[in-house]
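Throw the hints in and build the complete structure from the sequences for me.
In case you want the letters, here they are:
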Amino acid sequence: QQKVQQSPESLIVPEGAMTSLNCTFSDSASQYFAWYRQHSGKAPKALMSIFSNGEKEEGRFTIHLNKASLHFSLHIRDSQPSDSALYLCAVSSNTGYQNFYFGKGTSLTVIP
Amino acid sequence: EAAVTQSPRNKVTVTGGNVTLSCRQTNSHNYMYWYRQDTGHGLRLIHYSYGAGNLQIGDVPDGYKATRTTQEDFFLLLELASPSQTSLYFCASSEFSNERLFFGHGTKLSVL
Chain W
1 QQKVQQSPES LIVPEGAMTS LNCTFSDSAS QYFAWYRQHS GKAPKALMSI FSNGEKEEGR
61 FTIHLNKASL HFSLHIRDSQ PSDSALYLCA VSSNTGYQNF YFGKGTSLTV IP
Chain R
113 EAAVTQSPRN KVTVTGGNVT LSCRQTNSHN YMYWYRQDTG HGLRLIHYSY GAGNLQIGDV
173 PDGYKATRTT QEDFFLLLEL ASPSQTSLYF CASSEFSNER LFFGHGTKLS VL
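These protein sequence lines map, in sequence, to chains W and R.
Mapping of the first sequence onto our numbering: residues 1 to 112, in sequence order.
Mapping of the second sequence onto our numbering: residues 113 to 224, in sequence order.
Just so you know, these hints were derived from the structure itself, not from any lab.
Among the clues, some could well be false.
Unchecked claim - Within a straight-line C-alpha distance of at most 25 Å, the following computed SDA-like cross-link-like pairs (lysine to any residue) qualify: (1) K67(W) - G154(R); (2) K177(R) - H141(R); (3) K104(W) - N210(R); (4) K45(W) - V172(R); (5) K220(R) - S196(R); (6) K67(W) - R156(R); (7) K104(W) - R121(R); (8) K177(R) - L224(R); (9) K45(W) - R121(R); (10) K123(R) - L192(R); (11) K104(W) - S196(R); (12) K3(W) - S209(R); (13) K104(W) - G154(R); (14) K45(W) - H141(R); (15) K220(R) - P120(R); (16) K45(W) - D150(R); (17) K45(W) - S209(R); (18) K42(W) - S134(R); (19) K42(W) - Y176(R); (20) K42(W) - V172(R); (21) K45(W) - D185(R); (22) K45(W) - G170(R); (23) K3(W) - G170(R); (24) K3(W) - E211(R).
This is the structure in C-alpha cells:
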C-alpha cells in the first residue's frame with residue numbers, strides 16, 4: 001500500500017516569507033500528485049496538481065515533482081495570513097484501484 | 113465549481129445505533145468517494161463508486177456499507193455504530209479518475 005509522508009508537521013512563518021512543504025511517497029508507479037488546502041473547519045480544496053516530473057507554477061504557488069527521488073513539494077511565495085491552513089498532499093496510483101492516498105498534513109501559520 | 117452537499121452537518125448517536133450519511137453532487141461527476149478524517153491518520157478512503165449501482169471498497173471499509181442510488185447520490189451506512197467510528201466524514205466527487213477531488217463540507221459524527 002502506498003505510504004505518503006509529509007514534513008514538517010507544522011510550520012510558522014512571517015508574512016512575506018517563502019514557504020516550502022514536502023511530501024514523499026513509496027510507489028514509483030504513482031501517476032498523479034496534488035496538493036489540497038484545508039482551512040480550519042472547512043472542506044479540503046484542491047490547490048494544484050502535476051502528472052510528470054518538473055515544475056508547475058500558478059500565481060504564488062509552485063509544485064515540484066521528482067519521481068526518481070519519490071518526492072514532491074509545494075512552495076508558496078510571499079506567504080499571506082490567509083494561507084494559514086492545513087496542507088495535504090495526495091498521490092494516486094494507476095493500478096485500477098482508484099484511491100488518492102493522503103499525507104497527514106502540514107499545519108501552516110503565517111504571522112502578520 | 114462542483115457542488116457537493118452532505119447531510120447532516122453533525123450527528124450524535126449511541127453505540128449500536130444506525131446512521132446514514134448522505135451526499136449529493138450536482139455536476140454529473142462519475143466518481144464519488146467517502147473519506148474519514150482523524151487526527152494522526154489524515155484522510156482515509158472508506159468506499160467509492162464510479163457510477164450508479166457501482167460500489168468499490170476502500171482502505172478502511174470495516175463497519176461501513178455504501179450505496180450509490182443515482183449519478184448524484186451516494187450514501188454511507190453505519191448499521192451498528194461503534195465509538196471507533198467517531199470521526200469527521202467527507203464526501204467527494206471527481207469527473208474521472210486521477211482528477212481533482214471536490215469535497216463536501218463534512219459530517220461530524222459522534223458515537224457515544
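Results for each hint:
1. K67(W) - G154(R): holds, 23 Å
2. K177(R) - H141(R): With a Cα-Cα distance of about 21 Å, the restraint between K177(R) and H141(R) holds, given a limit of 25 Å.
3. K104(W) - N210(R): Answer holds: K104(W) to N210(R) is near 20 Å, not above 25 Å.
4. K45(W) - V172(R): This hinted pair holds, its Cα atoms lying about 22 Å apart.
5. K220(R) - S196(R): holds, 13 Å
6. K67(W) - R156(R): holds, 23 Å
7. K104(W) - R121(R): OK: K104(W) and R121(R) at ~23 Å, within 25 Å.
8. K177(R) - L224(R): Holds, at roughly 20 Å.
9. K45(W) - R121(R): With a Cα-Cα distance of about 18 Å, the restraint between K45(W) and R121(R) holds, given a limit of 25 Å.
10. K123(R) - L192(R): holds, 15 Å
11. K104(W) - S196(R): holds, 19 Å
12. K3(W) - S209(R): holds, 19 Å
13. K104(W) - G154(R): holds, 4 Å
14. K45(W) - H141(R): holds, 16 Å
15. K220(R) - P120(R): holds, 8 Å
16. K45(W) - D150(R): holds, 17 Å
17. K45(W) - S209(R): holds, 17 Å
18. K42(W) - S134(R): holds, 18 Å
19. K42(W) - Y176(R): holds, 24 Å
20. K42(W) - V172(R): holds, 23 Å
21. K45(W) - D185(R): With a Cα-Cα distance of about 21 Å, the restraint between K45(W) and D185(R) holds, given a limit of 25 Å.
22. K45(W) - G170(R): Status holds; Cα separation ~21 Å.
23. K3(W) - G170(R): Cα-Cα ~15 Å, so holds.
24. K3(W) - E211(R): Cα-Cα ~20 Å, so holds.
In this structure, none of the earlier numbered hints is contradicted; all agree with it.
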